[in-house]
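J.: Single-letter residue listing:
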Amino acid sequence: MNVIALSPFDLSLTALLVLLLAFLSWRLQLGMERRLLVAALRTTIQLMLIGLVLKVLFDHVQWWWVSLMALIMLLVAGREVMARQQRRFAGWRGYGVGTSAMFVSSFTVTLLALIVVIGNDPWYQPQYAIPLLGMVLGNTMNGIALGMDRLTSGAWQQRTVIEARLLLGQGAMEAVSDLRREAMRVGMIPMINSMAAAGIVSLPGMMTGQILAGTPPLEAVKYQILVMFLITAGTGFGTMVAVWRGARSLFDERERLRLERLANS
Amino acid sequence: MVGCGPSDSKQEIILNLLRLKGVASHSMSIPALEVAAGECVCLSGPSGAGKSLLLRAIADLDPHDGEVWLDGRESREFVPRDWRRQVGMLPAESQWWRERVGEHFAEVDETRWQALGFGRETLDWEVARCSTGERQRLALLRLLANKPRVLLLDEPTAALDPASVQSVEAMVAAYREEHRAAVLWVSHDPAQMQRVASRQVRIVAGRLEEAA
Numbered sequence: 009m010n011v012i013a014l015s016p017f018d019l020s021l022t023a024l025l026v027l028l029l030a031f032l033s034w035r036l037q038l039g040m041e042r043r044l045l046v047a048a049l050r051t052t053i054q055l056m057l058i059g060l061v062l063k064v065l066f067d068h069v070q071w072w073w074v075s076l077m078a079l080i081m082l083l084v085a086g087r088e089v090m091a092r093q094q095r096r097f098a099g100w101r102g103y104g105v106g107t108s109a110m111f112v113s114s115f116t117v118t119l120l121a122l123i124v125v126i127g128n129d130p131w132y133q134p135q136y137a138i139p140l141l142g143m144v145l146g147n148t149m150n151g152i153a154l155g156m157d158r159l160t161s162g163a164w165q166q167r168t169v170i171e172a173r174l175l176l177g178q179g180a181m182e183a184v185s186d187l188r189r190e191a192m193r194v195g196m197i198p199m200i201n202s203m204a205a206a207g208i209v210s211l212p213g214m215m216t217g218q219i220l221a222g223t224p225p226l227e228a229v230k231y232q233i234l235v236m237f238l239i240t241a242g243t244g245f246g247t248m249v250a251v252w253r254g255a256r257s258l259f260d261e262r263e264r265l266r267l268e269r270l271a272n273s
Numbered sequence: 037m038v039g040c041g042p043s044d045s046k047q048e049i050i051l052n053l054l055r056l057k058g059v060a061s062h063s064m065s066i067p068a069l070e071v072a073a074g075e076c077v078c079l080s081g082p083s084g085a086g087k088s089l090l091l092r093a094i095a096d097l098d099p100h101d102g103e104v105w106l107d108g109r110e111s112r113e114f115v116p117r118d119w120r121r122q123v124g125m126l127p128a129e130s131q132w133w134r135e136r137v138g139e140h141f142a143e144v145d146e147t148r149w150q151a152l153g154f155g156r157e158t159l160d161w162e163v164a165r166c167s168t169g170e171r172q173r174l175a176l177l178r179l180l181a182n183k184p185r186v187l188l189l190d191e192p193t194a195a196l197d198p199a200s201v202q203s204v205e206a207m208v209a210a211y212r213e214e215h216r217a218a219v220l221w222v223s224h225d226p227a228q229m230q231r232v233a234s235r236q237v238r239i240v241a242g243r244l245e246e247a248a
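Order-wise, the sequence lines are chains D and W.
Per our numbering, the first sequence starts with residue 9, numbered consecutively.
Per our numbering, the second sequence starts with residue 37, numbered consecutively.
Extracted from the complex, chain D is given alone in its bound form (with noise of 0.2 Å):
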């Protein structure tokens, strides 16, 4: 099981092609060759950066260090969460109920793979717990994401008919109803999806990536069917939850709908 190592040279290579394609957008006035190059190297520099921090933290197999590194995880996600969303609360609560959900879900799915499931000594080895973390956060992050996006910009061109159902005696959830619905269905269809999708259109990344690295092509779908339902699930619980809270914040303790609350990106 070798991998057959890049050389510098081989990622040159297949960085000319990123900068001929930044090359014909010049030409071709498509005016997306800055953003083109930008994100390549964002991305290069980034995942040499996330290489070293994970060498680092695979030499020094210590809890506090995975934990910290979890910790850091969480509150970039929970930025980004909120960045992507056209009307977000505004002060704690835009940064809150994403996080806590995502922190609720994500972990205790990452945690119950590590421990119960996958059993490693100790259970917080950095080389399983930290990409395992890494996928369903990742994922649980695009939920919330969509979920919290439609929540509340639905919220906000639905205000009259929300209000019109709390005149007539409906509960603050009871008057989001559809709206809770159709928030959690944005969140969750594409984890649906990919899962539906997956082997026969696409293969997925993590299994492509053990073989790649040399994996009997059986244990690579084994992980990558174990990582799919953490996945679901980590998102499925996390959209949930945020949904909910999200809905419950919509309103204060005398229901009455407060968009104040919501602030214009």
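Watch out, some of these pointers could steer you wrong.
[To be verified] Here's a subset of chain D near chain W, in silico, CB distances under 8 Å, partners left out:
hint	residue
1	V169
2	A172
3	D186
4	R189
5	R262
[Stated by the list, open to error] List of simulated lysine to any residue pairs, SDA-like, C-alpha gap at most 20 Å:
hint	chain 1	residue 1	chain 2	residue 2
6	W	K57	W	A85
7	W	K57	D	R262
8	W	K183	D	Q178
9	W	K183	D	G179
Rather than coming from a laboratory, the hints here were simulated on the basis of the structure.
Just so you know, even glycine gets a beta-carbon here, dropped at the ideal spot from N, CA and C.
Given chain D's structure and the hints, the job is docking chain W onto it.
T.: Below, chain W alone, put in the same frame as chain D:
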């Protein structure tokens, strides 16, 4: 729970089903307003004077200062949804969230429906195909189905033809009689106010003036 001032005598509370004390939100501020059971108070004033704001504050839809009492109990003593069921507000523009009319109704009071020109078959109508006037009348029926003790009507006949205006006025009057309901009716039409009002008040620039 009776208020603490000397003016809060038992008799007054029974007399006045709806009482407002220092209600204010945004630029609107109403020191006091009382509506007795079975009374219809018409509220007029230029647009932007705060009429809708006042109704929204009474229905507890907007955060507001002051107190609103229903039959001697303050609004905060109620669960919000119970309050809004008993103090029923009809917004100027009716809102519908399902495809068909019937999906917005739990029950049908046939005599009432017929009085406004509808029947059982109306339940199958698509909301999108109803005219504004039809929707406005249906919204009144939907509100009355909650059996509110107070009606807050925000220009309930604005989009109606004269015949419908008449039947809506008659229906509100009948409901008011039957349930001893207090009605606060926002209107721009002096003739209508003459017809329906027991008493008229005007809001000008967020303040209240009693009309003769």
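J.: Look at each hint and say if it fits the structure.
T.: Comparing the hints with the structure gives:
no.: 1; hint: V169; verdict: holds, 5 Å
no.: 2; hint: A172; verdict: holds, 3 Å
no.: 3; hint: D186; verdict: holds, 7 Å
no.: 4; hint: R189; verdict: violated, 12 Å
no.: 5; hint: R262; verdict: holds, 5 Å
no.: 6; hint: W:K57 with W:A85; verdict: holds, 19 Å
no.: 7; hint: W:K57 with D:R262; verdict: holds, 19 Å
no.: 8; hint: W:K183 with D:Q178; verdict: holds, 14 Å
no.: 9; hint: W:K183 with D:G179; verdict: holds, 17 Å
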